[in-house]
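Engineer: Given the coordinates of chain A, work out where chain B with the ligands should sit on it, guided by the hints.
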Amino acid sequence: MNAIEVTDLALAYGELKAVDGVSFEVGEGEFFGILGPNGAGKTTTLEMIEGLRKPDSGTVTLLGSSPWPRNQALLPRVGVQLQASAFFERLTAREQIHTFAAMYGVARARGDEWLERVGLTEKAAVRAEKLSGGQAQRLAIACALVHDPEVVFLDEPTAALDPQARRNLWDLLSGLNDDGRTVILTTHYMDEAEILCDRVAIMDRGRILELGSPAELVRGLDAPVRISITNADLTMQEAAAISGVDEAAEEAGDLVLTTRQPSEVLTFLANGKLLDGLRVRAATLEDVFLDVTGREYRA
Amino acid sequence: MKAFNAIAVAVLKGFIRDRASVFFAIIFPLMFLVLFGGIFNNTEQSPIETKTIGDISLVDNLPKPAREAFDDSFDVTDEVDERERDAAIEEVRKGDLDLVLEQRGDTLVAHYTKTDQVKSATIQGILQAFVDGTNVAVTGEPPKFTFEGEGVEDDSLQMIDFVTPGLLGWAIAMSAAFGAAATLNGWRQSKLLRRIQLSPVPAHTVVGARIVATILIALVQTAIFLGIGTAGFGLTLTGSWWMSVPLVMCGTLCFMAIGLLSGAVAKTTEGAVNMANFLVLPMAFLSGSFFPLDGAPGWLQGLSKALPLRHLNDGMLDVMVRGEGPGAALLPMLILLAFATVLTAIAARLFRWETI
Ligand SMILES: Nc1ncnc2c1ncn2[C@@H]1O[C@H](COP(=O)(O)OP(=O)(O)OP(=O)(O)O)[C@@H](O)[C@H]1O
Ligand SMILES: [Mg+2]
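Chains A and B, in that order, give the protein sequences. So for the first sequence, the numbering used here puts the first residue at 1; every next one is plus one. So for the second sequence, the numbering used here puts the first residue at 1; every next one is plus one.
Here chain B stands alone, though its shape is the one from the complex:
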């Protein structure tokens, strides 16, 4: 037990004191979280900046509720006259302004660009609706068809909800794989592995201590991600999010095995880390760590199912944000453990004490 703790502590200290590995395990993925969570999570549509030219009686005569709705969507910054028309349209062209609105007789004319598709669709839709509404009001006849919106509970995820489990999966994959690869090769090169072999510490104690250290690092990564996600970016965890803990453990084992494989194959520490990177980074893209695979072609979806990170990500999405029960994590956990077993066995076969 003493030996176990001592080796685990030695590994942890070695990790914490290595700026590069801390950066790649924690800071680097967090930068992505902040990027996705902070910048792209802006789902609020900003009001449409509008200038009007002359009087627009169509709008001015809207009934009060409709008028309020108009003001919610359009932020009329200025009312200019005919002579400044070209200048205002030029502003739209340059993107400084969203919309220039004028009324020519009975026609409402909108000048906008199609650069921002959401905005242009909104502009078109809303204005059309106002005109239709006004038409109905003018004829005085009650409309034949009515529309009623019935909100359905929104199942789609916020950006942050989607991105946190994926990025966390990637972060764990990176630090577990790099750590195992670097340790195996570094210890072999420095002959520390030999030195340990000549101490009475059994092999399983050394391996166990190394695993425990990596799992602790992974759990710290998880805590930091979930903490910053919930506190800073409105991540909402669902019921059985705690299942992400065993899931993270299984993921760690699996990616340590990938690291061991890299470490066993590569001759130098740098080579081992590069190889781990070469395996993990494309896997992160193909496993939906950075963006959803929903739109990906079928063969890609199929391919991604063959990657362990895909299962880690799916499992974490299910339990952390999709509100699935704890059972949803079990299959991914089994798959990850199976990967871990097979890859470790291959690594053990390929391992050579000698680097030459």
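In isolation and in its complexed conformation, chain A is listed as follows:
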């Protein structure tokens, strides 16, 4: 059974079609990502699935039932981290999570456990307003998970974090669906989606452009791999003649080989002891975005 089924979902704010005919399914235990630039319609889509907004048209099935109107039976099975950190004013991290625990009717100890798991035990006595951006996100995630929901929605959990903090958070996030929990996350970051998500929907201007596992999407591109090495003794002609190389070029003193058979080329280079300064850049979701929209991806 699918945890989430969305069919032809659409919502307009006045003239603006924020979500314009979106359909997808998320399997139980899957880590699903919605990737897209600002204003793509990610939050609006999530809000309709969560039951905060009524779609103009289309249907949502969440854990087998409809989230709209407010479905009291469904809510305890769902956890939500909203894009803005929604906390009670002037409560400490521990008091926040205890309050949420009580709202879901679970023991306070569960709150403490989650505080520990997101690494906030030391900050337990600090008021939420005084937490750093990353700590506040962790707290919001912990509050979303305190009642051990079957499905958890995370709206840009790593927004506004520095690269180090983002990476730290990835460790936490990647473990979330280990015990069969379904995770649905939105992000601006291609690398994040590639690392965390089983499947990704690339969204822009209210529509889903591509949907699949990151590897599938990239493979579907059939984009070449770029291999660059410090230019040793190879001439341009010799390089271009290597079996599997489509194109050879010199860029900033490096030799750049474009290929669709990277293993063959790499083997050749290795045999010739030509791997100094080796860098390999495969196509990423960024290239997928560029490919489908014709625009550079800018988060």
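FYI, nobody ran anything at the bench for these hints, they're computed from the structure. Any given hint could turn out to be false.
Among the chain B residues that face chain A by a calculated CB cut under 10 Å, a handful are [what the hints assert, rightly or not]:
| id | residue |
| --- | --- |
| 1 | 6 |
| 2 | 9 |
| 3 | 10 |
| 4 | 11 |
| 5 | 17 |
| 6 | 18 |
| 7 | 183 |
| 8 | 186 |
| 9 | 191 |
| 10 | 193 |
| 11 | 195 |
| 12 | 196 |
| 13 | 201 |
| 14 | 203 |
Quick list of in silico lysine to any residue cross-link-like pairs, SDA-like style, CA-CA up to 25 Å [to be verified]:
| id | chain 1 | residue 1 | chain 2 | residue 2 |
| --- | --- | --- | --- | --- |
| 15 | B | 119 | B | 59 |
| 16 | B | 144 | B | 132 |
| 17 | B | 2 | A | 76 |
| 18 | B | 191 | A | 76 |
| 19 | A | 130 | B | 192 |
| 20 | B | 191 | A | 66 |
| 21 | B | 2 | A | 125 |
Heads up, the beta-carbon is just placed ideally off N, CA and C, and yes, glycines get one too.
Structural biologist: Leaving out everything else, chain B with the ligands in the frame of chain A:
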């Protein structure tokens, strides 16, 4: 129940930790109480500071009881002679002295200013009475008319008795309205309202917890006001003062509704609090929270009857200090609840999830 308590506690902690709201709910109104209770409550008339010039035989020859009465009213600080007359009168002019008294032949001459009307009336009245009394005594004839004072039980209130219920009403109105306005807007802006909507807690639990927290705050305000009023400033509570508890509860509901209305209309938290202030402060003046409306023109009295705070104040005055029975609070309570219902309904209609 767990959720109910948790939210109520969260709100209470948020309140106690917010210096500004504690200040405006408790300290600020208390400052007024201390001001009115401590400074203006001084109903004791201080003795009239007097200097006499030369001998005043009229006073010296008063019979003993009359002489004592004179000494009670006038505090003769100095007896100076003729040469210092101008200097003494100058002291009166400057307000350092209340009265300079001299006798010119058979005439008693008093120099005083009219700045303090009470004092000047007292001086004139008492001295006239002494002179009349002396005239009667000199002629030896028994006076034809006599005067006898029959004290009537004084119904007028001491300043503190009047001021405590009014200021308390204002304090409760402020904290309930500000609290509700700030919560509604703050929670909406931070999306906490959305977050709560996505938890299984029913709406009535959230609302109920918020109300209970505000009522607790109001009851603490009441306890502090009545405590300080009675202990510090001689506030005397009458029989059914305990009816002020349900009255305060109804008042809290009513002013929370006003706060909700402000919160629903305003786009920002500051805007909501300002609007609540804009509604409550003029209402406090017009409802007699700061001074009695007895002298106000009829139309103003009528207008004030349309304000919920007026009814809260009246009800509290009745049961707390005027000695009315418990029933006196019932009509004000009903009126407050009616206001609460109507205003909440309007607020609910105006409420938008989106702030833009
Ligand atoms: N409440 C609203 N009223 C009017 N327009 C809105 C509202 N919320 C969003 N929009 C508009 O709808 C579009 C989609 O917004 P949405 O918040 O879903 O995008 P998003 O993909 O979550 O963007 P971001 O990455 O910035 O969070 C945007 O153009 C936005 O301006
Ligand atoms: Mg968003």
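Engineer: Against the structure shown, which of the earlier numbered hints fail to hold, in ascending order?
Structural biologist: Violated hints: none at all, because every hint is consistent with the structure.
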